[in-house]
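Model the full structure from these sequences, guided by the hints.
First to last, the protein sequences are chains A and B.
The first sequence runs 1 to 375 under this note's numbering.
The second sequence runs 376 to 882 under this note's numbering.
Just so you know, these hints were derived from the structure itself, not from any lab.
Hints are supplied without guarantee of correctness; some may be wrong.
Once the Cα atoms are required to be at most 20 Å apart in a straight line, the calculated EDC-like pairs of lysine to aspartate or glutamate come out as [unchecked claim]:
no.	chain 1	residue 1	chain 2	residue 2
1	A	Lys364	B	Asp432
2	B	Lys862	B	Glu624
3	A	Lys53	A	Glu208
4	B	Lys536	B	Asp584
5	B	Lys862	B	Asp837
6	B	Lys563	B	Glu553
7	A	Lys364	B	Asp771
8	A	Lys364	B	Asp764
9	B	Lys423	B	Glu381
10	A	Lys364	B	Asp396
11	B	Lys447	B	Asp467
12	A	Lys138	B	Glu642
13	B	Lys599	B	Asp399
14	B	Lys575	B	Asp867
15	A	Lys254	B	Glu642
16	A	Lys53	A	Glu197
17	B	Lys437	B	Asp396
18	B	Lys437	B	Asp467
Label pairs and their in silico Cβ distance ranges [as the list claims (entries may be wrong)]:
no.	chain 1	residue 1	chain 2	residue 2	range
19	A	Ile4	B	Arg851	57 to 65 Å
20	B	Gly485	A	Gly139	48 to 56 Å
21	A	Gly139	B	Leu513	22 to 30 Å
22	A	Glu355	B	Gly434	30 to 38 Å
23	A	Leu104	B	Gly744	36 to 44 Å
24	B	Asp764	A	Glu355	28 to 36 Å
25	A	Gly139	B	Ser479	46 to 54 Å
26	B	Lys599	A	Glu355	49 to 57 Å
27	A	Gly228	B	Thr597	37 to 45 Å
28	B	Ala739	A	Glu355	53 to 61 Å
29	A	Glu355	B	Leu477	31 to 39 Å
For every residue, glycine included, the Cβ atom is placed at its ideal position computed from N, Cα and C.
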Amino acid sequence: MTRIASVLRRIKTDAAAPVMALVFAVAASSVVLLVAGSNPIQAYSDMLKHASKLETMIDILNRATPLFIAGIAAAIGFRMNLFNIGVEGQYLLAALVAAHVGGLVHLPAPLHIALILLVAMSVGAAYSGVAGVLKVTKGVHEVISTIMLNAIATSGLIVAGLQAWQAGGGLGGNVTRVGTTPIDESGRLPNLNGFVEIFTRDIGRDRELTGVLVVAIAVGVAYHVIVGRSRFGFDLRASGANPFAAHVGGIPPKRMIVTAMVLSGAVAGLVGMTEIMDGGVFPANPIQGLGFAGIAVALLGRNSAIGALVAALIFAFLDISSGILQNTGSASREIVQIMQGLIILAAVVAYQVTERARAREEAKAAATALAAVAS
Amino acid sequence: MARAIELIGITKRFPGVVANDKVDLAVEQGEIHAVCGENGAGKSTLMKILYGMQNADEGTMKVNGQEVRFHKPTDAIDLGIGMVHQHFMLADQLTVLESVILGSEPTLAGGRIDFAAAKAHLAEVSQAYGLNVDPDQLIESLEVGERQRVEIIKVLYRGAKILILDEPTAVLVPQEVEELFRNLRELKANGATILFIDHKLAEVLAIADTVTVLRQGRSVATVKAADVTAPQLAELMVGSELPTPATSESTVTDDVVLQVRDLQINEAGRPVVSDVNIVIRRGEVVGVAGVEGNGQAALVDGIIGTRPVAGGTIELLGDDVTRQSVRHRRERGIGYIPQDRQREGLLLLAPLWENAALGHQTQAPYSQGFWMNRSGMRTATQEIRSEFDVRTPNIDVAAHALSGGNQQKFIVGREMHSQPTLLVAAHPTRGIDVGAQAAVWDQLKAARAAGLATLLVSADLDELIGLSDTIVVMFRGRIVATLDPAKVTPRDLGAYMTGAATQDDAA
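This is the structure in structure tokens:
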């Protein structure tokens, strides 16, 4: 019984901070809106009304899918006390190579899809692994190396790859930049509209729910189970919490650093799948910034799978809402970014506050138990 | 003449505990006054209050008859109270003179430091109190005892007439303790008042004029040192007879568990352990004595596998494990009690039941194949908690919430729970109270009787002599003596530890 009670208390304290952060962010955003001369109630109700439409929900899920995967990628690093800022470069490079390879080969559907996913994960893992190896052999901090690797990927490798691999074999002059050779239908994930429509009316206006959502769910479940319940996950968390204690406990710190970076990169490699598996090409102007957004998702989600899910949905909702604010004119679309920033800021502060409160409470409980025995 | 210090009814509460409960303390001018008590009796808190580092919740404080209220250490310093901390706060790269004047440098025009004036003042102070130091020596070249002298001079330099020394002998070998005591008597003769915090009874009786005993946050007695014996003092401290580490008859067998041959370990290219040979058999405790920094820590790291070995071999139960991973060695049955429990022993923010698995996570009942076994972890933690008397509200609290003694009991319990064949125990009772210390000793003795081989590294010489079957002394990375604890005194050990004696002299 006490165990259930303590679990419940734990859930309560775990949820308290994000909820506080959200309330604060909404309140502060309202002030910003008022100052800007908009009606906050109107703006919020427009956002919610918009979001309650089926098509908008599809948009939100499509947006949340890569955000969630990026969040998990960052969270793997955070669990090991590693700040993988390189999710950005890792996913773009992985998507490019995977799109190219996927466009070259012709295979039956399950194999084709598996190959593309495998290539993407391998490229992400290898690229992230570079930062891990640099850290353990040369002592280069992963923040520095991943920032550098991001720059090398986005302004070097990807530009070169796009030129070399663009559809039509380069055509010599690269006048039209059209992205990579389209992947056969067999290498694309089917949309989930059929599944959704079992429960709802037909989805209109050419909306397609991305099949990568299934991949994201698989990643989330695997992360939750492996980090929380497996021996490897225990080693990872122990090493992140106290590398010295972990070392004497038989967990080699250097190997854990490389492994964590490689895994983080492998998951990061999947972030770009929404783009290439739905569209079939790595476009000349791919969506950027998902990697950085993933860090925010992991932060708000406290590195847990469920937390990241909620965080990804919140960020996706805000992203998608910016359009409607523009259309109805009830507020400027930039308010959405302000809100995202405020949520993160408030969350970081709130986590600290609740963490300290919990530590104090525990110390007190332990001291009371001691005093009770002593007297 | 008014008393140097008078504390009346000082009370200080922390969440859940009363650290000081109506403590009275009266220190006469020009005396050496010892405050003793177990760890956790409230000595440190009381000194922090006296030095302005913490505020009392209740009570009055008088210095030289004047009622005072300190808010920060500088308030205390202004009234001539100085504190010498247990852990030295000196920078290796500075000279003695620079260290002493740091923070109160006499300056010339333009902000330049007036070294000449500083040197003159330093000479004056050392003259006045009979403390000799070479002002131009680098701190890094000083022995521990000399560093402590620098700390004392630093306080005197700032005009302190009342000195608080926080467990000043903890870091010293017996010879250095005698030197310190000579210095303290010199200081007293020159008019200083000394408040001396300690829990080693023989030392307290040797140096103090008056002794105030604290127990569980209360001042239980103030006595003249001349009128009291060590057993009486001990009884005042713990409220009962003092436990001793002494073991009964030998349980040593012939089965070799650990064999270390010609071990060499390097640090930055220089050997910190060389030519070390150790054999430990089932049921045997081998104690390692040595002044800190003479290779004991590296030896321990080499045996458990966290530090690479440059030469020699380590055999565990007949298998060469010299190049094996830490995990391999732990799976083969090495238990480890680290010297710094918070740094190497615990995941402070993780719950106890997760901490229980650390170091044993590849073994039942903590895991099954690829997966951790949560119910197994919880059951094992409950067993550790009850068998080793870990005082905690439940096993879901984070490790940091436990007191030091309970953290240590938990670590000992965790290591014993897996029934190791070799236990490497580094300072297993450092910084824990007498009750927890006795519990840890009992566990070590019971495990020895059950056939455990133990490598015990300790700075507590009584502990080493009491628990060990054989004692080796390390000096500059080598074993300089192998001794029978039945025939050795702490004084002898001290001589080997400082290199003043070698086994050849003795033979």
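**Message:** Need the list of violated hint numbers for this structure, in ascending order.
**Reply:** The structure conflicts with hints 11, 18, 20, 25, 27 and 28, although it agrees with all the remaining ones.
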